[in-house]
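Sequence lines, in order, name chains G and W.
Numbering follows the numbering used here, with no gaps: position 274 of the first sequence is 274.
Numbering follows the numbering used here, with no gaps: position 508 of the second sequence is 508.
Quick caveat, the hints were computed from the structure, so don't treat them as lab data.
Some clues are possibly wrong.
Derived DMTMM-like pairs: lysine to aspartate or glutamate, alpha-carbon spacing no greater than 20 Å straight-line [what the hints assert, rightly or not]: (1) G:446 <-> G:475; (2) W:326 <-> G:353; (3) W:339 <-> G:400; (4) G:73 <-> G:275; (5) W:504 <-> G:432; (6) W:265 <-> G:353; (7) W:301 <-> G:366; (8) W:239 <-> G:432.
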Amino acid sequence: MATITVSKKLFEKEIGKLTEEMKTKIAMLGLTVEKETQDELLLEVFPNRPDMLSYHGFKRAFLSFLGKSPGIKKYRVHKPEKGYKVTIDSSVRNIRPYTVCAIIKGLKLDSEKIREIIEIQEKLHSTLGRRRKKLAIGIYPLDKIKLPITFKAMEPDKIRFIPLGSQREMSGLEILQKHPTGKEYAHLLAGKIKFPVFIDGNKNVLSMPPIINSQLTGKVEEDTREVFIECSGFDLEIQKKCLNILVTTLAEMGGKIYQMEIKGIKEQTPDLSTEKMKISLKNVNKLLGLNLSERRMAILLERMGYNYKRGKVEIPPWRTDIMHEVDLIEDIAIAYGYENFNPEIPKISTIGERDVKEKLKSRFAEILVGLNLLEVSNYHLTRKQDQITKMELSKKEQDELVEVEDSKTDYTLLRKDLSHYILKNFSENIDEEYPQRIFEIGKVFKISGEKILEKDHLCVGISPGNFTEIKQILEYIADSLGLELKYSEPEDAPQYFVEGRVARIELIREQRSKNRKSEKIRSAKLIGFAGEIHPRILKNWKIKMPVALLEISLEEVYKKFC
Amino acid sequence: MKMAQKRNLKKIIESLSPNERKLLPYLEEKNIVDLCKKSNLNRVAVLRSLKYLKKKKIIELGFRKRKVIELGVNGALYKRKGLPERRLLNLLSHQKIISLEDAEKIGKLSRDELKASIGVLKRRGLIEIKNRKIILNASMEEVSKKSPEEIFLESLPLDYDSLTPEKQSLLKELQRRKNLVQLREIKEMEFSVTELGKQIMKEGIKAENLVEQITPEVIKSSLKGKKFRRYDVQSPVPKIYGGKRHFVNQAIEYAKEIWTEMGFKEVSGDFIVSSFWNFDALYTPQDHPARELQDTFFIGKNSELPNRKIVKAVKEAHENGVRGSKGWGYSWNENSAKKLLLRTHTTCLSSQTLAKLRLKDLPAKFFAIGKCFRNETVDWCHGFEFNQTEGIVVDMNANFRHLLGYLKQFAQKMGYKKVRFRPAYFPYTEPSLEGDVWDEEKGQWVELLAAGIFRPEVTIPLLGREIPVLAWGPGFDRMIMKMFGIKDLRQLYKNDFGQLKKIKPLLK
């Protein structure tokens, strides 16, 4: 989540006393106080409000919210002066098709403001810009460059300039290979034959977006009075909004906004004209459960920085998140104050009901608890060493395992059985009192052809335990659930059981024949195995006590009840 | 008075266990070893019975510290092999004269041992040294006689306090030699019979008619004149534990009860779902950060998409928006929607439920509680698996105040008295909110309930028309932790049997 840093001193000077009440107000506008230090507040800004990603942007919204300057804030936009031109060359069409630009004059910067400019640039990159993938911003001191500007694509080794933070001139390719920022964002230009660059009237490279600016022209300093701003990318609409956020923030800092002529999209940017959206008072009151008057609604909209006139809302040109009437309705709710809504449960009749399988699982667990078994609850993700190595899975079984991509931990597989987790539980509790009797009911996963099967299993482990004891438990479960089971000596038992001490368990189902209703058909379906765990496997787990274990699939069992 | 005393005495006698009765006649013995011998009980039984006798005020128990002299490491070794001087004497008893080198080699003595042996034997006048040769200077009788050191070592262990002055100086001598003897302090139980005890001993015990355990034989037998040995009902007993549901599941069961009581119908579903249900149907744009590998577990396989009508409607919502909406304005990619993943929220159950819902079944309320996944590392407050509780209300007349009403009700049933709501953001709800609850312990608001009203871009493609759907999906693990007083999230998945057995069951 994006955050901004606000100086408490500045806040108290420009907004008001920072009381607990004031902090609640901040929360009620939708920002969270993440951290508070002696001098600063760290505020979390939700991704739908990039216009608040700087102190000045936040201040604009917050003063309006407090009722101190309601309605759309107007900024004067000066027409382009002579030479305020940017040409988008056709060479960028398939590489980075658009740019929008502006010039700001009359800035008076200090270290605080420079920090804010850098901060907003970074935050916009990571949020609206989707980590520079969608758009990237460059800000340049105007006195270091010569207008007009050209945005074009060049072959990487023909691009030569000193990148920001470096001592020497590098080629476009070198920057991606050697410069730290270049390496970080290299993937964004991967596979491109030409790289995009901004070039000034003196044929100097200003920057290579979305990677890096030039050391000579790309650094704003305290004595900078005028800047050139560009925002290049793939989504013209968002880029325009992004530019609006930037220029109005700089205007809040005291700058004057100048448009530039953008050849290639035939527009003058920035464009601070407003859009209008219809709003229905009826819809507002219905969705919020309120009874607002039109006048009251208008006041609330103005508190959120909008203007309202006769069923239409004028939207500030820096708001990126207004897609539908509901977005305006939310802002009305925010201005009304979430704390002022009266919660209510409507008197409508609906019948509460448990999901059949979920309820059955719960009943099964109760039966097992009656046998003095302790329920465990393990992760669904598991480690290779636990699922494969310690259980000595065969190659064929390994092929059925479902793996997740790029896990940040060594839990990279979805469990194919509960048994290995039950053994893991035993191995992590060898110092606890014996006998240990545990069970788990939960999902297991395996690949079957092109499909992934997700099934509910039941597993019981007892330690010390032997075949007779585990079969007794199984019989008790079967009797309780009214299941008819068939036991046989398996040829396909998992290798972690002792051969000759493991039973194949089949569930017998009786169904009426489809053709002749009076006839009953009996069918048997494999649901699992029960037996004694091989000491070899117990050694793998460093378990010193014998373990007997059963694991069955519940899917066939459910059929009896659903 | 006398009668009362007598009754009391009788009561005590009747409460004596068989072992205590066995000990009673021998309580005048001085130490536990003798007590064991006389009573024919093992040490553990004796010690336990003594404790019970003390509780009955028959004896007094105390501890005495004493120092004991024992064999050291080398002492134990020499006990087997003989002291070095003994081994040297044995050698000399065969040869009479031996060179220092041979003594060392043949006698298998280390240089230090040889030096010490010569010193000792010279002092006792048994040998002489001449020209680097050892000469025996004693009769065979003198040689075979045990030395005071040997006698002393054989008599170990000894009580330090019982040593005569001669033996004390001998001990000092032996202590100079490395690890031969060691002093150890031990704590020993001491007991003495109280006045009451003496009376009881004098009284004597007739135990023939005292019943211990009630057995089938006892029940069958004649009960006439029989007494039941009195038990100490206050004495502690070993703990036992029963089978139990895992506490996480206890909490889940409780929350499920709340939702059903509030008229909600439970839904469940697969953990592996398509991006379509998890993201696209919930109006989450395809370039949203949550859809990247570093946040979400993808499986590397694709699924089929649902029927064309829904897919087309969802695509349209993303690209150009539904009625009254602009949409995200990008080109929606079907392949990205097909990617299978481990569900990142239970909200994917709500999108699937809405797609199946028939309008004639309105109003309808659904809930789910289940595991969700995110690609995270594990620490005290994060993990790659977590539980979420989901709810939706589909009702033509549903509004924002109802949303707050349901959430407040749930929070209160979960035990949170103070709740506040504030704005929040989720791509698929508008308005959105976050419910905070007041944490008494920390004295601050804690984020708990994420909720909102589904956007028309979600409901129109899934339901076919714009119907307000109240929706929430708070994480549930934090509530579980609060219910059981757990501070570290990892405890929820640790499966420590001790903890599982001892944790208090939920009695809500």
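Would the pair residue 73 (chain G) and residue 275 (chain G) pass a check requiring their Cα atoms to be no farther apart than 20 Å? holds, 14 Å
Take a quick look at whether residue 301 (chain W) and residue 366 (chain G) sit within 20 Å of each other, Cα to Cα. violated, 37 Å
Verify the proposed pairing of residue 504 (chain W) with residue 432 (chain G), using a straight-line Cα cut of 20 Å. holds, 18 Å
Sort out whether residue 400 (chain G) lies within 20 Å of residue 339 (chain W), counting only the CA atoms. Holds. Residue 339 (chain W) to residue 400 (chain G) sits at ~19 Å (cutoff 20 Å).
Satisfaction of hint between residue 353 (chain G) and residue 326 (chain W), Cα-Cα up to 20 Å: Between residue 326 (chain W) and residue 353 (chain G) the Cα gap is close to 38 Å, so the pair fails against 20 Å, i.e. violated.
Hey, residue 446 (chain G) versus residue 475 (chain G), does the alpha-carbon distance stay inside 20 Å? The hint is violated at about 27 Å.
Would you mind confirming whether the straight-line C-alpha gap from residue 265 (chain W) to residue 353 (chain G) stays at or under 20 Å? It holds: about 4 Å lies between the C-alpha atoms, which stays within 20 Å.
Mind checking the alpha carbons of residue 239 (chain W) and residue 432 (chain G) for me, to see if they're no more than 20 Å apart? Since the Cα atoms of residue 239 (chain W) and residue 432 (chain G) sit roughly 14 Å apart, the hinted pair holds (cutoff 20 Å).
Comparing the model with each earlier hint shows violations of hints 1, 2 and 7; every other hint is respected.
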